[in-house]
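Chain by chain, the residues run as shown.
There are 2 protein chains.
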Amino acid sequence: MILFRADYLRDTATRIFQAAGADPEPTSILVDHLIAANLAGHDSHGVQHIPGYVRAVQEGRVQPNAAPVVLRETPVSALVDGQFTFGQISARVGTEVAIAKAKSAGVAAVGVVRCTHIGRLGTYSTLAAEQGVVLMVTIGAMLPATAPFGGRKPVFGTNPFSFGFPAADRPDVMIDFATSTIAAGKVMLAQAKRESVPPGCLLDQDGNPTTDPKALSNGGMLLPFGGHKGSALATLAALLSQVLVPAAETGGGQLQTGTFIVGIDAGIFREKSKVEAETDEVIDQIKAIPPASGFAEVMVSGEPELRTADRRRQEGIPIPEDTWAAIVATAHGLGVAIPTAT
Amino acid sequence: MILFRADYLRDTATRIFQAAGADPEPTSILVDHLIAANLAGHDSHGVQHIPGYVRAVQEGRVQPNAAPVVLRETPVSALVDGQFTFGQISARVGTEVAIAKAKSAGVAAVGVVRCTHIGRLGTYSTLAAEQGVVLMVTIGAMLPATAPFGGRKPVFGTNPFSFGFPAADRPDVMIDFATSTIAAGKVMLAQAKRESVPPGCLLDQDGNPTTDPKALSNGGMLLPFGGHKGSALATLAALLSQVLVPAAETGGGQLQTGTFIVGIDAGIFREKSKVEAETDEVIDQIKAIPPASGFAEVMVSGEPELRTADRRRQEGIPIPEDTWAAIVATAHGLGVAIPTAT
Numbered sequence: 000m001i002l003f004r005a006d007y008l009r010d011t012a013t014r015i016f017q018a019a020g021a022d023p024e025p026t027s028i029l030v031d032h033l034i035a036a037n038l039a040g041h042d043s044h045g046v047q048h049i050p051g052y053v054r055a056v057q058e059g060r061v062q063p064n065a066a067p068v069v070l071r072e073t074p075v076s077a078l079v080d081g082q083f084t085f086g087q088i089s090a091r092v093g094t095e096v097a098i099a100k101a102k103s104a105g106v107a108a109v110g111v112v113r114c115t116h117i118g119r120l121g122t123y124s125t126l127a128a129e130q131g132v133v134l135m136v137t138i139g140a141m142l143p144a145t146a147p148f149g150g151r152k153p154v155f156g157t158n159p160f161s162f163g164f165p166a167a168d169r170p171d172v173m174i175d176f177a178t179s180t181i182a183a184g185k186v187m188l189a190q191a192k193r194e195s196v197p198p199g200c201l202l203d204q205d206g207n208p209t210t211d212p213k214a215l216s217n218g219g220m221l222l223p224f225g226g227h228k229g230s231a232l233a234t235l236a237a238l239l240s241q242v243l244v245p246a247a248e249t250g251g252g253q254l255q256t257g258t259f260i261v262g263i264d265a266g267i268f269r270e271k272s273k274v275e276a277e278t279d280e281v282i283d284q285i286k287a288i289p290p291a292s293g294f295a296e297v298m299v300s301g302e303p304e305l306r307t308a309d310r311r312r313q314e315g316i317p318i319p320e321d322t323w324a325a326i327v328a329t330a331h332g333l334g335v336a337i338p339t340a341t
Numbered sequence: 000m001i002l003f004r005a006d007y008l009r010d011t012a013t014r015i016f017q018a019a020g021a022d023p024e025p026t027s028i029l030v031d032h033l034i035a036a037n038l039a040g041h042d043s044h045g046v047q048h049i050p051g052y053v054r055a056v057q058e059g060r061v062q063p064n065a066a067p068v069v070l071r072e073t074p075v076s077a078l079v080d081g082q083f084t085f086g087q088i089s090a091r092v093g094t095e096v097a098i099a100k101a102k103s104a105g106v107a108a109v110g111v112v113r114c115t116h117i118g119r120l121g122t123y124s125t126l127a128a129e130q131g132v133v134l135m136v137t138i139g140a141m142l143p144a145t146a147p148f149g150g151r152k153p154v155f156g157t158n159p160f161s162f163g164f165p166a167a168d169r170p171d172v173m174i175d176f177a178t179s180t181i182a183a184g185k186v187m188l189a190q191a192k193r194e195s196v197p198p199g200c201l202l203d204q205d206g207n208p209t210t211d212p213k214a215l216s217n218g219g220m221l222l223p224f225g226g227h228k229g230s231a232l233a234t235l236a237a238l239l240s241q242v243l244v245p246a247a248e249t250g251g252g253q254l255q256t257g258t259f260i261v262g263i264d265a266g267i268f269r270e271k272s273k274v275e276a277e278t279d280e281v282i283d284q285i286k287a288i289p290p291a292s293g294f295a296e297v298m299v300s301g302e303p304e305l306r307t308a309d310r311r312r313q314e315g316i317p318i319p320e321d322t323w324a325a326i327v328a329t330a331h332g333l334g335v336a337i338p339t340a341t
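Residue numbers (numbering that gives the first Met the number 0), protein chains in the order written: chain A, 0 to 341; chain B, 0 to 341.
If you're looking for bench data, these hints aren't it; they were derived computationally from the structure.
There may be inaccurate statements among the hints.
What the hints assert, rightly or not - Calculated pairs, DSSO-like style, for lysine-lysine (alpha carbon to alpha carbon, straight line, at most 27 Å):
| # | chain 1 | residue 1 | chain 2 | residue 2 |
| --- | --- | --- | --- | --- |
| 1 | B | Lys102 | A | Lys102 |
| 2 | B | Lys192 | B | Lys213 |
| 3 | B | Lys152 | A | Lys286 |
| 4 | B | Lys286 | B | Lys273 |
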C-alpha cells in the first residue's frame, strides 16, 4: 500500500484523462467521482479504473467528449442517451433530470441508455438527498458474474442499488450495495492486494465455494447476498435497468447496461422540513441502540463512508502497489510525467 | 396439521367476519387476501390472523366498514386515509390509485396512512403486474422487533418490500420479502407448530442467538437479513412509509405504520409489449441455469408461490392444530357454528 493525498491523485488523474483526449469539463466530473469513491473507502470504484477507462477511450468504446441528450421526456419521465461518454457523466445528467422533475412534479422516473460504467451509485443518491429529493438508482444486467440463488452458473451482473434520503441536521441517509455478496471491484481489489475474499462470496468455475479472488476471472462467479432475497433484487435490477429502460434495444452490443432512477420530492405528501426533522429522529433512534458484541457502535447507512472520508482527507488514500504501477504505466503510455508524491 | 379445502376456509372466515360486524364487501376483500396468502404458502399472512383481527374489531381498533378516502392528490401522487378499516382494503385502494395514475401519467407515488395491518405485500405487486404496471410497495416502522446490524436491541419492524414486474407469456415476476431474516408471522407459525426457527434469525432478550420462537415474545428480537444490507433496507422502509408518508403525524398512537407505493407504467420508455417480451427472455435465461447441489431447479421470484398454490388447490391448505383451535374459539365466541370440514 502507498498513501497518497487526494489532491495528488486528482491532479494525476486529471492530467492522464486530458492526455487521453478528454476535455476539462468531463474530466473534472469523472475525476471528482473517482476521488470521492476512494475517499469514501469504496476503492473498488476509484482510481483503479484509470487504466481500463483510458483503454476504453483509446479503443473507441468511450467517447469522452460526447454530450448526453434527452431522447424523450414528459413532466415526470425522461430517457437519456449517454452517447457513450463516461458513465459517470451520463448518470449524473440522468440524476439531475430526475431531481429537477421530482422537485417540479413530485416524482419522476428516468432511464439512461448507452451509458457505459457509471461508477459508484452512492454519488447519485447523495447528490439528490442534498437537494431534498429521495432517490433510488439501480444498474443491472444479465451478465456472467453472479449466480442466481440455487444455481451453479452466473447470470447476473453485480446489479447494485443505491438510495438517498434527506435528513435535517444529521448526515443524509445513503444506502449503496451490490446484490452480489461482494462487488466485482472489491474482488479486483483483493486480487491487487493479494488477499482472499471472505467465505460465502465466490464459486469457482465448477460451482464449488472458494476464497481465491482469481477464481472470478477464471470462469468463477459471485453469489447473491442474502440467498433468495439478494437474487430477487438482482433480477429486479436487471429488469428495471435493462428491460424497462430499453438498454439492449438502444445501446446494443457489450455496453447495453442501462441505468434506472426514481426521484421523489421529500415534500410530496407534506412539508419537507417535517420529513427531514423526523429523519433525524429515526437516525437518533438507531444510533441509540447499544452495540452487539464485536461492534463499537451502531452505524446508520452512509456513516461509515463519511468517517472514512474524514480520515482519508487527513491521512491520505491507500493504493495497492500493483494498482499504482498500472496507473503509472498508463500515464507513461500517454507521455504524462508523474511527479513525486508529496 | 389439519388439511382444509380453500373454499371451506373462505366460507368459515366469511361467516366469522360478518358475525363480527363486517359488511359483505370488505369481508370479501379481506378473506380473499387471507386465503390467497395461505394458498401461496405464506401462512404467516393467512387465516391465522382471524382471531387477532376479530379482537381488533371488537376493541374498536379496526373499523371494518369504514371507506378509505383520498386526503390529497396530484396527477402523480395521492395520500390515502385508510380510516382504520382492514389494512388489506386500504392498501388495495392505494394500489389501485397507484396503478391508475401510473397508467395515465407514467409514474405515481402513493402513501396510505391509518391503514392497520395490510397483510401480504405480494398481493399488491401481483395486482399491478397483472395490469402492466411495475410496482414497489413497502411498509416499515420503528418498532421493537428487529435489531439493526451491529446492535443488540430491536428498533425496526420486519419492514418488508414487494416488487411486481409484468411478463408476457411467463408468470409475472413477484418479489416479496421481509428485511428481517424471517417474518414475525413465520415465528408465530413456528411457535404454533412447536418447531424451532433456523439459526441466525433470532436473538434473545439479552442479545444472544437462539432458535426458540418463544424468545420473540419474551423480549427477544429478529435479525436483519444480509447484515448491513438488510439493515439498510429496514431503515429505508421505515423512512419511506413512516416519515415520507406522514404516518405518525396522521395516524398517531400504536397504529402509525404507513404504506408507501410507487407504480411505474411498463410502457413509460417504449412499447409495453417489448418490455413484457424481454421480461420473458430474462426469466428464460434464469431458468436455464443448472441447479446447484441440493436444488432441483433455479426458481424465479414468484414461482414458488404459484407452485404451492397449484398444489394446495388440489391437496388442501395445512393449518396447525393450535391455529385452528383459536379460529374455532373465535367463531364460537361470535355464535358462529363451524360445520365439519368436507
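Can you name, in rising order, the numbers of the hints this structure does not satisfy? Going through the list in order, the structure violates no hint and respects every one.
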